[in-house]
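4 protein chains.
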Amino acid sequence: MEQPSIIFRTVCPDRPGLVSQLTSWISDYGGNIKHSDHHTDQEAGLFLSRIEWDRKNLLINKSEIYEQFKKIAIDINGKFNINYSDEIPNVGIFVSKQNHCLIDLLWRVRNGELKMNVPLIISNHPDLENIARDFNAKFFFIDTSNCSKLSVEKQILSLLKDFDVELVVLAKYMQILSDSFLDNFSSIINIHHSFLPAFKGAQPYHRAWKRGVKLIGATAHYVTQDLDEGPIIEQCTVNVSHRDEVDDLIRKGRDIERIALARAVRLHLNHQIFVYDSKTAVFD
Amino acid sequence: MEQPSIIFRTVCPDRPGLVSQLTSWISDYGGNIKHSDHHTDQEAGLFLSRIEWDRKNLLINKSEIYEQFKKIAIDINGKFNINYSDEIPNVGIFVSKQNHCLIDLLWRVRNGELKMNVPLIISNHPDLENIARDFNAKFFFIDTSNCSKLSVEKQILSLLKDFDVELVVLAKYMQILSDSFLDNFSSIINIHHSFLPAFKGAQPYHRAWKRGVKLIGATAHYVTQDLDEGPIIEQCTVNVSHRDEVDDLIRKGRDIERIALARAVRLHLNHQIFVYDSKTAVFD
Amino acid sequence: MEQPSIIFRTVCPDRPGLVSQLTSWISDYGGNIKHSDHHTDQEAGLFLSRIEWDRKNLLINKSEIYEQFKKIAIDINGKFNINYSDEIPNVGIFVSKQNHCLIDLLWRVRNGELKMNVPLIISNHPDLENIARDFNAKFFFIDTSNCSKLSVEKQILSLLKDFDVELVVLAKYMQILSDSFLDNFSSIINIHHSFLPAFKGAQPYHRAWKRGVKLIGATAHYVTQDLDEGPIIEQCTVNVSHRDEVDDLIRKGRDIERIALARAVRLHLNHQIFVYDSKTAVFD
Amino acid sequence: MEQPSIIFRTVCPDRPGLVSQLTSWISDYGGNIKHSDHHTDQEAGLFLSRIEWDRKNLLINKSEIYEQFKKIAIDINGKFNINYSDEIPNVGIFVSKQNHCLIDLLWRVRNGELKMNVPLIISNHPDLENIARDFNAKFFFIDTSNCSKLSVEKQILSLLKDFDVELVVLAKYMQILSDSFLDNFSSIINIHHSFLPAFKGAQPYHRAWKRGVKLIGATAHYVTQDLDEGPIIEQCTVNVSHRDEVDDLIRKGRDIERIALARAVRLHLNHQIFVYDSKTAVFD
Chain W
16 MEQPSIIFRT
26 VCPDRPGLVS
36 QLTSWISDYG
46 GNIKHSDHHT
56 DQEAGLFLSR
66 IEWDRKNLLI
76 NKSEIYEQFK
86 KIAIDINGKF
96 NINYSDEIPN
106 VGIFVSKQNH
116 CLIDLLWRVR
126 NGELKMNVPL
136 IISNHPDLEN
146 IARDFNAKFF
156 FIDTSNCSKL
166 SVEKQILSLL
176 KDFDVELVVL
186 AKYMQILSDS
196 FLDNFSSIIN
206 IHHSFLPAFK
216 GAQPYHRAWK
226 RGVKLIGATA
236 HYVTQDLDEG
246 PIIEQCTVNV
256 SHRDEVDDLI
266 RKGRDIERIA
276 LARAVRLHLN
286 HQIFVYDSKT
296 AVFD
Chain Y
16 MEQPSIIFRT
26 VCPDRPGLVS
36 QLTSWISDYG
46 GNIKHSDHHT
56 DQEAGLFLSR
66 IEWDRKNLLI
76 NKSEIYEQFK
86 KIAIDINGKF
96 NINYSDEIPN
106 VGIFVSKQNH
116 CLIDLLWRVR
126 NGELKMNVPL
136 IISNHPDLEN
146 IARDFNAKFF
156 FIDTSNCSKL
166 SVEKQILSLL
176 KDFDVELVVL
186 AKYMQILSDS
196 FLDNFSSIIN
206 IHHSFLPAFK
216 GAQPYHRAWK
226 RGVKLIGATA
236 HYVTQDLDEG
246 PIIEQCTVNV
256 SHRDEVDDLI
266 RKGRDIERIA
276 LARAVRLHLN
286 HQIFVYDSKT
296 AVFD
Chain C
16 MEQPSIIFRT
26 VCPDRPGLVS
36 QLTSWISDYG
46 GNIKHSDHHT
56 DQEAGLFLSR
66 IEWDRKNLLI
76 NKSEIYEQFK
86 KIAIDINGKF
96 NINYSDEIPN
106 VGIFVSKQNH
116 CLIDLLWRVR
126 NGELKMNVPL
136 IISNHPDLEN
146 IARDFNAKFF
156 FIDTSNCSKL
166 SVEKQILSLL
176 KDFDVELVVL
186 AKYMQILSDS
196 FLDNFSSIIN
206 IHHSFLPAFK
216 GAQPYHRAWK
226 RGVKLIGATA
236 HYVTQDLDEG
246 PIIEQCTVNV
256 SHRDEVDDLI
266 RKGRDIERIA
276 LARAVRLHLN
286 HQIFVYDSKT
296 AVFD
Chain U
16 MEQPSIIFRT
26 VCPDRPGLVS
36 QLTSWISDYG
46 GNIKHSDHHT
56 DQEAGLFLSR
66 IEWDRKNLLI
76 NKSEIYEQFK
86 KIAIDINGKF
96 NINYSDEIPN
106 VGIFVSKQNH
116 CLIDLLWRVR
126 NGELKMNVPL
136 IISNHPDLEN
146 IARDFNAKFF
156 FIDTSNCSKL
166 SVEKQILSLL
176 KDFDVELVVL
186 AKYMQILSDS
196 FLDNFSSIIN
206 IHHSFLPAFK
216 GAQPYHRAWK
226 RGVKLIGATA
236 HYVTQDLDEG
246 PIIEQCTVNV
256 SHRDEVDDLI
266 RKGRDIERIA
276 LARAVRLHLN
286 HQIFVYDSKT
296 AVFD
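Protein chains in written order, with our numbering: chain W, 16 to 299; chain Y, 16 to 299; chain C, 16 to 299; chain U, 16 to 299.
Just chain W, same shape as in the assembly (with noise of 0.2 angstroms):
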């Protein structure tokens, strides 16, 4: 049977000796490092480093490596994360009426290709019942026409609790989240429909046609209270010319948004991802 991988990330002040301080003590036990990355920021005075590595005949339990890992990361003052391949985290959908990164979100979890449960999808509009029952995912259609968003957020809330939600994945919700839910719920991927930081808010495939640009381009990042502002993940861009009206546009810009967003949660299911001031690095 073969054993699940440690994925350890890490974040401190650079300074020598950092990387061996990290991995001797995996090989003092026998561990077998898979993979080692390891990246200095020079402006911010950082070091990042992500370790996967699996345990092979190592008697450590999980208790025991975190509290190795925590040992070092005081030591260099370190932020971390450890997490292990075989963890695989509840996922919360939420959708509005648009349905092609949902089904595509859905496809990929089936074929393998993202680690996730997806045990239920939460959307202002009933429309895409269907496919949540394709999928057996439960769908809670929420109205929000007759709520106050304070109530519709509280129950959005209570439902991630009960189905235990480690990622929210916005999969062209078209509704701003409140600074009291983040304050509340803060991992969340969102996929905006222009390349950021163009074409901020509202309607960007109609302000891309009408400033006649001849790319357009789809952004995944992490949500936080500036709206379209939380660190990007991965940007993708098709050519559009003179030929293509608004709706050629929102057509061309489906087929960039999920493959955009499929790509951002999967380096985040993996682990691939560090954020710090307001950036993203990706270490693919």
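Treat the hints as calculated values from the structure; they're not laboratory data.
Be aware that one or more of the hints could be misleading.
One copy or two, either will do: identical chains are not told apart, so a pair holds if it fits within one copy or between any two.
[Claimed, not checked] Capping the alpha-carbon separation at 16 angstroms, the derived lysine to aspartate or glutamate pairs in EDC-like fashion look like this: (1) 176 with 198; (2) 225 with 56; (3) 130 with 102; (4) 85 with 56; (5) 71 with 101.
Place chains Y, C and U on chain W using the hints.
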């Protein structure tokens, strides 16, 4: 001896019969259409047409051709341009200190990719004089530090007139041309080192780096009085990652800047661009 | 009520006056040309023309239109096709075990991106029957292990006839169609998982990985009797690195396979493709 | 004064403890690791490591560093290279008649993008002598028409020795080097004007045009005795259409040829490439 092509472009209100009306007189005279491309902008209600043909054995001179097209243009209420493939325009290139776009353009002229003469290069710095000499262009260093913008631009306009310049290319000219300059000379292509409309204005690479984008861009556009808001001709992008410092963005950007600019200039020289509604239609 | 577009395509020997001849009768009748695109292949001496127009208030029926174009086609010695935008063809999709191209095509049909009916799906494996059911298509599993190729293909041809199929799409159908099949039915689009002509034949991703390429590709093409040698419609590529195993190439490849195939099918359905000299001209 | 970086690369059989073993002695001496990148090729059972570090205040000289790494390399049964960022190699460029790759490389050297000296340029045609002069390189025209290949290559090898050349770049050198030449000098990067392995050998653009591909490519690779079969370093592609003649493919190809070649040379100069199993691993 090969006859030059005649390139006719028109923009007019859309209505039935336009293609036939524009082409039938050419065939009546025995002219041979080599390329014929038409586009209807449904929203604007406009018809755009580009017809490239040659006279073969046809005994019709330039003024007769002009009169024929003018008659049709009046009838269809259109604006029109007539160009000949053997008319090689004089192009002035404006630069500051960076040489990559200048060398690239001059190399393409020498290789026959860009059908233009470059009789003069104007700069607010003396650095690139050698390059001008290598390619037999006059180099005018106009010191902007001790002169008013008005007087500098007056000198420039006078040079453009002296050298019979039809098109100006801003090949990394880090100065803003005044509205009054543009009133006097308006056929200008600029290369901006961002994916417009993102990062308009100064230091786009620094701002792109700070924002943490995953792609950077370059945009070639016609210059208008609204800074970086002119009609876009061509856009290119290239991937960047957290490993790239600002200097890497600048280095990678140079490659897409020169390609985007060269393509835009070539499209202009081949009369493949229509400008209307602050946008371009590029017939390629 | 909107009138359907009439799409006329012709290929004929090049000579003066063709554009006018093809378009003048349309305008004489008051028809309105929406798109008109012409290309001269100098080397082959051929003229290609695609004209899309609508009848508006014009009282001319399909057979009269046919007669008009036929008369012209005879005169110009051309082959021609006439299609109407409201004629939705029946398309048969052939699959084996992989589902990504099939789901993608069916999703695009449902979303209105691809104007076609999919009455039947044929497979040499039973695996994808569920998907067919989800999208209301009949699924025919034809076991090839106990039958001769001849008898299998006879069954298939009979089904294509029964369902009045005009186009077949091989959406990862891992079987080779015989010459005699292609003699009986030849309107077939295939997706090959390489950048043709590289890696023709079996296991292109394995061979690409072994060769150490830095980009992998997907090619949508019409099927001919020479395996993987048919006219290319669309090609896409994606970056790979030494970090990618064969499984990663397969995963990344799925995204470009479905995009290349969907674009090719769309271009075919919109009658934007010309085939001649074992190549395509794609008017987009 | 900034200390030069020390770049250590090794390839060895995979086993636990390698990262620690490679890095711990550096930190023991107070060296500072700037980049550290490791890759395990599971199939080949190999571990690849690149460590870039500087000595800061560390009093250890080059021969001591060599001894330290050699000791480790023997212990881990690995092949290794040690390079210093301030060692600027002499590079010979071979050309025929086309100038675009040559000018591009020399321009990048002058701009500081490529850290190399170009003391000599060798050609089988006299055409590009002027360019060599502009950039202060010696130009050797070696007429191949009246000499045996053996004698020509002997002259070349002698020149490479005289000028202490470490790397040869074939910048559109339209000659094939013999096996015996490659036995004597093997550090050679070539640019091939196709997307290898498609269109190996002569006239790839003509064949690509005839095949009707929708993308053309350029491939930079190390030269081996199997023509166009050497380890691939970098590949680029660009869209083409039926409107492009062979000359257009050649023109468009020039842009991707020079970019692919320049990237490959830069990666080589920065010691970011590993070659094994007829493939490269590029650590960028």
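For each hint given before, does the structure comply? Return the numbers of the non-compliant ones in rising order.
Hint 4 alone not satisfied by this model.
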